[in-house]
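Protein sequences appear in the order of chains A and B.
1257 is the number of the first residue of the first sequence in my numbering; add one for each residue after it.
1257 is the number of the first residue of the second sequence in my numbering; add one for each residue after it.
Hints were generated in silico from the structure; no laboratory data involved.
Because the structure is a prediction, the values reported are computed rather than measured.
Possibly wrong hints are sitting among the right ones.
Put simply, identical chains are the same to the list, so a pair is met inside one copy or across any two.
What the hints assert, rightly or not - Here are the simulated lysine to any residue pairs, SDA-like style, with alpha carbons at most 25 Å apart:
1) 1446 with 1636
2) 1446 with 1509
3) 1380 with 1332
4) 1380 with 1363
5) 1277 with 1405
6) 1380 with 1356
7) 1380 with 1310
8) 1446 with 1466
9) 1446 with 1570
10) 1380 with 1350
11) 1380 with 1361
12) 1325 with 1487
13) 1284 with 1296
14) 1380 with 1390
15) 1446 with 1264
16) 1380 with 1360
17) 1284 with 1390
18) 1446 with 1354
19) 1277 with 1296
20) 1284 with 1360
21) 1325 with 1541
22) 1380 with 1527
23) 1325 with 1344
What follows is each chain in one-letter form.
There are 2 protein chains.
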Amino acid sequence: MTHNAPPRGFPPEEFEARTAKAQSAMAKAGLSGLLLMTEAEVRYFSGFHTLFWQSPTRPWFLFVPAQGKPIAVIPEIGAMLMRQTWLDDIRTWDAPNPGDDGISLLTELLSPLANQSASIGVLKGHETSLRMPLGDYERLITTLPGLRIEDATGLVRSLRMVKSPREIEKLSHICAVGSRSFECVPDFAKAGTPLDEVFRSFRHAALDAGADDVPYLVGGADHGGYRDVISPPSARPLQTHDILMLDTGATWDGYFCDFDRNFAIGQADDLSRRAYDVLWRATEAGIAAARPGATCRELFQSMQSVITEMDSSGGDVGRLGHGLGMQLTEWPSHAAFDDTVIQENMVLTLEPSLSYGDGRIMVHEEDIVIRSSGAELLTTRADSELPVI
Amino acid sequence: MTHNAPPRGFPPEEFEARTAKAQSAMAKAGLSGLLLMTEAEVRYFSGFHTLFWQSPTRPWFLFVPAQGKPIAVIPEIGAMLMRQTWLDDIRTWDAPNPGDDGISLLTELLSPLANQSASIGVLKGHETSLRMPLGDYERLITTLPGLRIEDATGLVRSLRMVKSPREIEKLSHICAVGSRSFECVPDFAKAGTPLDEVFRSFRHAALDAGADDVPYLVGGADHGGYRDVISPPSARPLQTHDILMLDTGATWDGYFCDFDRNFAIGQADDLSRRAYDVLWRATEAGIAAARPGATCRELFQSMQSVITEMDSSGGDVGRLGHGLGMQLTEWPSHAAFDDTVIQENMVLTLEPSLSYGDGRIMVHEEDIVIRSSGAELLTTRADSELPVI
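Go ahead and model the full structure; you've got the sequences and the hints to work with.
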């Protein structure tokens, strides 16, 4: 089952390197610290890895100072697990405590900086959220009027977008697991099988192929093409002439794959075959364009120029792929608005989509890593013609 | 597999009733609207149900006005699915768009209220977070200086804590699915089996028992007792004298169960047997105390008074259970700080825990619904003695 799985976790030098890079960027930006509270960021700098984030009850904080190791300010329930990471300074409180869920500890930690009118970074930008009660955040900054809060999204984004060799190893592994899972689809997706049973079988297949979990699985199936790409499954049985799409974010050791596959049930209609061909070639164009030095906008345009053969509407998805890592979707976006320069060791999805016929939609997706010479597929490339089950 | 599963989704009258209750409470609180953006709240008032929330890229907004149906302000990618709900007014933009991710649409929607210096509610309190970029939120309220923002946590909390009969049906179903899953544990949890394989087998068992997904699965196993209750599994093989705990949040139609089971592998040590007995009796005390009119504090104290037979430290978990529904953990908390009055149709977990021996911890958990006559178990009650596999 494990198919040469890489080691789980990371050695301390991984976190040392990430922290050193962050501190170097903080120095340039004049920041005396980063206050982080979202799962991916806390894990990125500490290695703290737990599904307990599913519970919205307790906030978790990590402070990256200008020098030295990050400092954890966390609920006592996480102390044992946090002590297994490379961190030394772990401050805890008995959470939940609605009257003071870490705010006193944060105030104590940040007061010296506030007294110096120092600046700290918080994530305030695109694709971020505030994972603590807004009221507590407002109280914290009111209590520390000297503290300057800057948006550190760009800083964190620039670090997280470029993956380390160990991260790429994990991402490569889960993409291979996903590819093996999709190979099983013809075994269970047949005319007469309800779509929700197809989903259930896919989850089983992904676990058998070595996934830890399948946090994301969406898709659709309908006569001559599906119309929606974010729905949970219905109980409608697959029928001949259906186009079936499954899109999965399976995880291994906290890293995601994110790609999809399309299948025709029994027989494929000409329009869907053509849509598939256009998207397959758009993906080829994306693979060719995804080189260090190109921008995400150029990558978008390379795919879009093929898509316009069949659909010039621009689509409903808003972009044609994105970054991939600890989150199902990460910075950057392959979109006209994103002029991020593609760098070696970025892990990206290529996700061209189009609308066709009577409100139908088709989506393709592959996962790649950027090497000095160009894109390397992490997923087993989809068939060049719409596969018929 | 489905074991008389209830119907999926909700009829429009469910959402009408929720919205009417919210609007009645809003009128009393002087609120002209609620601006919601978290998955559970958006789904609660609209029925919009998708795993797409896994992607942090796009914000989603639902505005509950003083009268009339809620208004969705969402990325175009979700329009098709949202049109299947009971909503009529669905406003979309091409997301992601870092320059304007719904902010113009929100500004347009809220400007008339801002011009009247009206108040709207936003979730700012305990167990909430701001699921949009903080910078965008700050920009929005700066653009609308007349708008008064109140914390609507109490209002939303009071609605969501008391479940409807249809919600209870779903919660009862997933708790039964979870109970059947735990019955399979002796089949695959044996000395020599690595813990991560036990987790994988449990996921398979839960899917086979009818779960849609298993978003939460934690646990531990160690000689004479585990020490951590939020970790992902290690590859350490189970050994005779281990105490194994598995705690799962499986889902069906978007509703969670949340309970755990303890097992001794091969043979149980006396101290662990005693800890188990204390927690089993603490749970009994909780079941007896969980009646309409009692407070969560009293429920906490009823369990704590049994726990102190063996552990008077107060524990690391911070509470002895919580609400259960669309989220793994919801308001209220069975804790000394929470004086919430227990009401009929609340669905709660009872989760007594204690520390014993050399840093070992044990946790029990059952799920209940409050009836007029008292607690009714949704889970199949754990054995009264520590089961030995």
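Structure-based check of all given hints:
no. : hint           : in the structure
1   : 1446 with 1636 : within (22 Å within a copy, 36 Å between copies)
2   : 1446 with 1509 : between (32 Å within a copy, 24 Å between copies)
3   : 1380 with 1332 : between (27 Å within a copy, 23 Å between copies)
4   : 1380 with 1363 : both (20 Å within a copy, 19 Å between copies)
5   : 1277 with 1405 : within (20 Å within a copy, 39 Å between copies)
6   : 1380 with 1356 : both (23 Å within a copy, 14 Å between copies)
7   : 1380 with 1310 : both (22 Å within a copy, 19 Å between copies)
8   : 1446 with 1466 : both (24 Å within a copy, 20 Å between copies)
9   : 1446 with 1570 : neither (33 Å within a copy, 55 Å between copies)
10  : 1380 with 1350 : between (28 Å within a copy, 21 Å between copies)
11  : 1380 with 1361 : both (22 Å within a copy, 20 Å between copies)
12  : 1325 with 1487 : between (42 Å within a copy, 22 Å between copies)
13  : 1284 with 1296 : within (23 Å within a copy, 40 Å between copies)
14  : 1380 with 1390 : both (13 Å within a copy, 5 Å between copies)
15  : 1446 with 1264 : between (36 Å within a copy, 23 Å between copies)
16  : 1380 with 1360 : both (22 Å within a copy, 18 Å between copies)
17  : 1284 with 1390 : between (29 Å within a copy, 23 Å between copies)
18  : 1446 with 1354 : neither (52 Å within a copy, 41 Å between copies)
19  : 1277 with 1296 : within (17 Å within a copy, 37 Å between copies)
20  : 1284 with 1360 : neither (29 Å within a copy, 34 Å between copies)
21  : 1325 with 1541 : neither (43 Å within a copy, 45 Å between copies)
22  : 1380 with 1527 : neither (44 Å within a copy, 49 Å between copies)
23  : 1325 with 1344 : within (7 Å within a copy, 52 Å between copies)
In the structure shown, a violation is registered for the earlier hints numbered 9, 18, 20, 21, 22, in ascending order.
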